[in-house]
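Chains as they are written, first to last, in the working numbering: chain A, 111 to 487; chain B, 111 to 487; chain C, 111 to 487; chain D, 111 to 487.
Just so you know, these hints were derived from the structure itself, not from any lab.
Please note that the accuracy of each hint is not assured.
Pairs involving identical chains hold if they fit within one copy or between any two copies, as the list cannot separate such chains.
Here are the simulated DSSO-like pairs of lysine-lysine, each with C-alpha atoms no more than 27 Å apart in a straight line [claimed, not checked]: (1) Lys479 <-> Lys323; (2) Lys334 <-> Lys253; (3) Lys135 <-> Lys151; (4) Lys486 <-> Lys334; (5) Lys135 <-> Lys486; (6) Lys334 <-> Lys323.
There are 4 protein chains.
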Amino acid sequence: MGMIGGGQGAFIGGVHRMAAALDGKIELVCGAFSSNPERSKASGRELFIAPERVYPDFQTMIETEKNLPEDVRMDLVSIVTPNHVHYAPSMMALDYGFHVICDKPLAFNLEESYSLQEKVKETGLIFALTHNYTGYPMVKEAKHQIASGQLGEIKKVVVEYAQGWLSSFLEGTDQKQAAWRTDPSKSGIAGAMGDIGTHAENLAEYITGSRIKSLCADIGIVVKGRLLDDDGNVLIHLENGARGILFASQISAGEENNLCIKVYGERGGLEWNQMRPNDLILKWPDQPKQILRTGVGNLSESTQAHTRIPAGHPEGYIEAFANIYRNVAECVSARIENRTVNPLYEDFPKVEDGVRGMEFIYKVIDSGKSDQKWVKL
Amino acid sequence: MGMIGGGQGAFIGGVHRMAAALDGKIELVCGAFSSNPERSKASGRELFIAPERVYPDFQTMIETEKNLPEDVRMDLVSIVTPNHVHYAPSMMALDYGFHVICDKPLAFNLEESYSLQEKVKETGLIFALTHNYTGYPMVKEAKHQIASGQLGEIKKVVVEYAQGWLSSFLEGTDQKQAAWRTDPSKSGIAGAMGDIGTHAENLAEYITGSRIKSLCADIGIVVKGRLLDDDGNVLIHLENGARGILFASQISAGEENNLCIKVYGERGGLEWNQMRPNDLILKWPDQPKQILRTGVGNLSESTQAHTRIPAGHPEGYIEAFANIYRNVAECVSARIENRTVNPLYEDFPKVEDGVRGMEFIYKVIDSGKSDQKWVKL
Amino acid sequence: MGMIGGGQGAFIGGVHRMAAALDGKIELVCGAFSSNPERSKASGRELFIAPERVYPDFQTMIETEKNLPEDVRMDLVSIVTPNHVHYAPSMMALDYGFHVICDKPLAFNLEESYSLQEKVKETGLIFALTHNYTGYPMVKEAKHQIASGQLGEIKKVVVEYAQGWLSSFLEGTDQKQAAWRTDPSKSGIAGAMGDIGTHAENLAEYITGSRIKSLCADIGIVVKGRLLDDDGNVLIHLENGARGILFASQISAGEENNLCIKVYGERGGLEWNQMRPNDLILKWPDQPKQILRTGVGNLSESTQAHTRIPAGHPEGYIEAFANIYRNVAECVSARIENRTVNPLYEDFPKVEDGVRGMEFIYKVIDSGKSDQKWVKL
Amino acid sequence: MGMIGGGQGAFIGGVHRMAAALDGKIELVCGAFSSNPERSKASGRELFIAPERVYPDFQTMIETEKNLPEDVRMDLVSIVTPNHVHYAPSMMALDYGFHVICDKPLAFNLEESYSLQEKVKETGLIFALTHNYTGYPMVKEAKHQIASGQLGEIKKVVVEYAQGWLSSFLEGTDQKQAAWRTDPSKSGIAGAMGDIGTHAENLAEYITGSRIKSLCADIGIVVKGRLLDDDGNVLIHLENGARGILFASQISAGEENNLCIKVYGERGGLEWNQMRPNDLILKWPDQPKQILRTGVGNLSESTQAHTRIPAGHPEGYIEAFANIYRNVAECVSARIENRTVNPLYEDFPKVEDGVRGMEFIYKVIDSGKSDQKWVKL
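Based on the provided sequences and hints, a complete structural model is requested.
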């Protein structure tokens, strides 16, 4: 695997590397870790990458690697740059025949998204998007419980993603994460809605198996001087008729990374919270509440396939992230070895999820500016 | 105290009686417990009320008691009937000079509410409404934390009231509670929004000290055949500029009585959950999360005045309810004894809160039917 | 009901009064609230007791009440004094034909306990001891789960009672509670073991239905200058062969009233915590963990009979305490009305439980001083 | 790194590999994965190890690797075999100049332990033992809070390690984990006490900074037919005068991997639970309870150095385990590069901890058989 972005000082690059390394199926062999060639080199050194395979920019990396012998060159590109640098390397990697894992959101704008989707279809290559929260085993289990009808027809969804790290004007300091995420020239048209709102949207649609049909958004900029939304509340209607709420906030002071979903059907409800990820709570009108736990009892095949260690040994964020990498690695291997892959491993977010996310971002921002109540998605 | 309603088979009447009895300051001396005189008599017998003071209807009770000697007759009327029987007994009790404690919502419709408000002003009598959730000590503490500026300026409020008991067509059985609460001729224009949405509204305004200025509601009837709303999601704006979400649902299958509020300010956030009422969680961006507990440390004077037993001895719903009764009893005693009352005891929901709640009900139901995004409250 | 003790400044007296009042079945009609006649009078006034029935001492109360007409005089005496004043009023009340509710532990020493047990047997009167924790509905449910074999044969018990309020030399201040509880002339031979260790013992034996057969105790005085034990750890063996741990501590700084029991059988385990009393956790090797909740689903008849309000409306300490009073009231009424009583109401701690508790205190203190490993109980 | 053991079907081998891989500092280059050469080969293939470096046995591996060029051969041996195969490969690896990471307990018996300790001293090589629970960042924080005096002098420790996976006769099936762990010829003299009791002992001594001075144990075999202890309760005294309880159980049906420690000092208490590892609860007599969280606020330097990702992104078991590998890797690199190492990285369990653990095992098993109350450790 080669990596684009993720040099010194980055957050998500390190996560991708740990996720890729965890299962011993992917080796990081090259990278263009920074738009600054010196920083790229330094980063490569720290990562024990052979110096000749630390590249000054992604174009050089993709071209050079393409010319290496098949058994040497990278199979896969991991793109962990800010949003405005998702499109170009993705397109080039695909053009050169490399599979891609890209951080979310898919692209800087909607046009890029459609174009990327087209390219993926055209090349037939694997393109994965790290909507990592759907990588958690108990999210798989939640999806399974609903898909298998345990809750009956779904009637209500509440998905909440509360963070507090942007409750002050952090972009006024030299915090790199805050700087680009609140900068429209790097982040795109949305702040919180793009950064975490799309995770909430992706999670809700993944778990319920139903898509948001229309929405009504109240989008705000709470911190003075900020250029992009940092707090938004959204009423949603799903295609299956369910009603719901989605909110994403980065000014909920004191919250860490509080992504939580509750789904209610005719016969029962479920709740999953990212900060206690190994629990899935099932609630029943006339039966005791149940807490399903990774590693305990008859969980779905998919839940089990995305769990590494026995019950009571907590798995977390990196492991869920690694599930995407592991699945992609299995799919890539299967292609290389020209064999079919266990369908369980084909369960990772793809370019369609990315396009969906970008459409959500555009509609939710539109709705926030509109006096009209409902906007179709 | 005399009671109107609350005969055999009722739920809330028993709660009012336990709340009134708990602190030994109020004695139940008479009642018109049912619109059915026989049932009223039977109920009175069970409650050890002198048979001559068990009345066939509230009119007889109020008139008869008025004519008893001052040291014998009731001081106070407790009205625990369904919504459509709040207005008439309240008006009559006030007209005859009795203080009133009435269950919420204030009345069957807005007109009655205004008329009652007028009457209370005119008579100068005490009129309390049992928005009981604000009776919890840690709700007092939450209010105090915000009022004293600990969280900084308030930016976001999320108040959620999820129940699941109406997730099936329970009114099709002989469940009395479900029957009248879903019947427009008894409940008024709203179902869930009137029954529990007003509690959420009252709690949010009480804790934040700011009022809802405008709202945008998505109100639905989920269970087929039902005549009133059973699920509603509402975007809200507060007068102080904060943005928020309020939802009330009685079809969240598997939820018990899950009333929860989260408030975020510039400097920190707080969370209180009715089902773990002795905890108040304070969340800070750069400090450890704190769990304030009834009976531990330097809580506000009001918190302490509404707590009965030491830390670790859980107090619950009845105790919070009893705080309203205790406060009213203190205020009534002070009037009888012609002395001033400790202002801490004047903190209970009053007719204004009831009018506010009715206005909320009307606006939220209006908004639910409207294509317009924002409705002013 | 008449009360002995519980005057101004007391803690447990108020709890007993609230517990007695809650269900409207018991009226407090007289009292000897303090060994100081002036304070007794003042307390009586506050409690709205007719002045002629506020007595200067318990002897006067019992004698005078005995001579009142049957339909006027008290039926029942509630004794809420420190340990060294349990025996005399209990004996006298029984001798005069009054039923008794007495705070725990049963008496000042073992001899008094046996003598009281004899007296109760002799008179045939009702004698209840307020081991209030077994009054919680979910403790009833725990007992039911085990008795009905859900967990299989019981193999292990862990019962822990941690408080921190005596982690400093509080008896050196003017805190009344600390003063008498650490004073051997008032408390008896034990401090923490008598005050809370007996609750742990009672709870463990009640829930498991098996008695402690032998024990090995490590008993200490942690705070310098203290005269009685404030921390003790005990290995226990139950009669049914199960092994376990019991600890009681009042120097676990920062703990409130953390009484918790875990029981493990061949097929599953359960956990109940006094500070979240409406939850009963059932744990299974190959099934999801279950959280049984008061008011939800098919709980035992006894659990339901000791629950007052619907699911999600938290009941707490006072309600559990009130369950003992309610049950005693039912039993007393049945005797007065010469009818049989529902056996569910006969479930409250009796003199035998008190004797058992005293034996436990003596053996655990003995063991603490002994070099011998196991002491029989 | 080379690995001994951990072939197909093993549990802990996979954990060690993930832990080693996570931070990109250690590469698995060779192994003797099984005592069965065929299985070793197959395992090596799955792990993408060059076939010529997959060895039939550890002796061949150590000898062969020793003869490879310095920049090719392994630096470090990871030993993940059952207890009876810890000693021989550890001794040989040290003799051949390789650093060692070994799973706990240190050895099969006490003699081996002392001999290994001697060898480590003699060779001056790094020897790490995977008492992985002390690798958690919030365990570091707990240690720091106590060492820096926040709780005052420590008075009480309660450490509990409850599992339920051996609550039936699992060794009667073909479960490999159960088979060797309950077999005295592979596990040594202890079952649960060796397998998990030593973790509890290590954790308690690490966090408190004080050692167990004497103990009184009740050790049992609960499941019929089992050959080694599966449940034990132990009274402990620490060198600093604190009193405590330690228990380890594998028959607590329904428990997963419930390792929990509570420590109480004069001024406050703390609690940490392995199954919610990112929380450290601090309890204060007169202040709100605090929940310290990884990534939030001013945690100790060591806590921060053992945390990888921001607050609210849960880290778990593998990350804690990886902290040991990362620290060892840093120490090994420092030696190779002949530089000093940040003392934060020298914090991992060493041979002394292993000897200590073996002494604990011997004494606790002794005490379990003894009629004498206290046994010195």
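Checked hints:
1. Lys479 <-> Lys323: both (19 Å within a copy, 19 Å between copies)
2. Lys334 <-> Lys253: So Lys334 and Lys253 pass the 27 Å test across copies only (26 Å; inside, 39 Å).
3. Lys135 <-> Lys151: Answer is both; intra-copy 25 Å and inter-copy 17 Å each pass.
4. Lys486 <-> Lys334: between (31 Å within a copy, 25 Å between copies)
5. Lys135 <-> Lys486: neither (42 Å within a copy, 49 Å between copies)
6. Lys334 <-> Lys323: So Lys334 and Lys323 pass the 27 Å test across copies only (22 Å; inside, 33 Å).
Hint compliance for this structure: hint 5 alone is broken.
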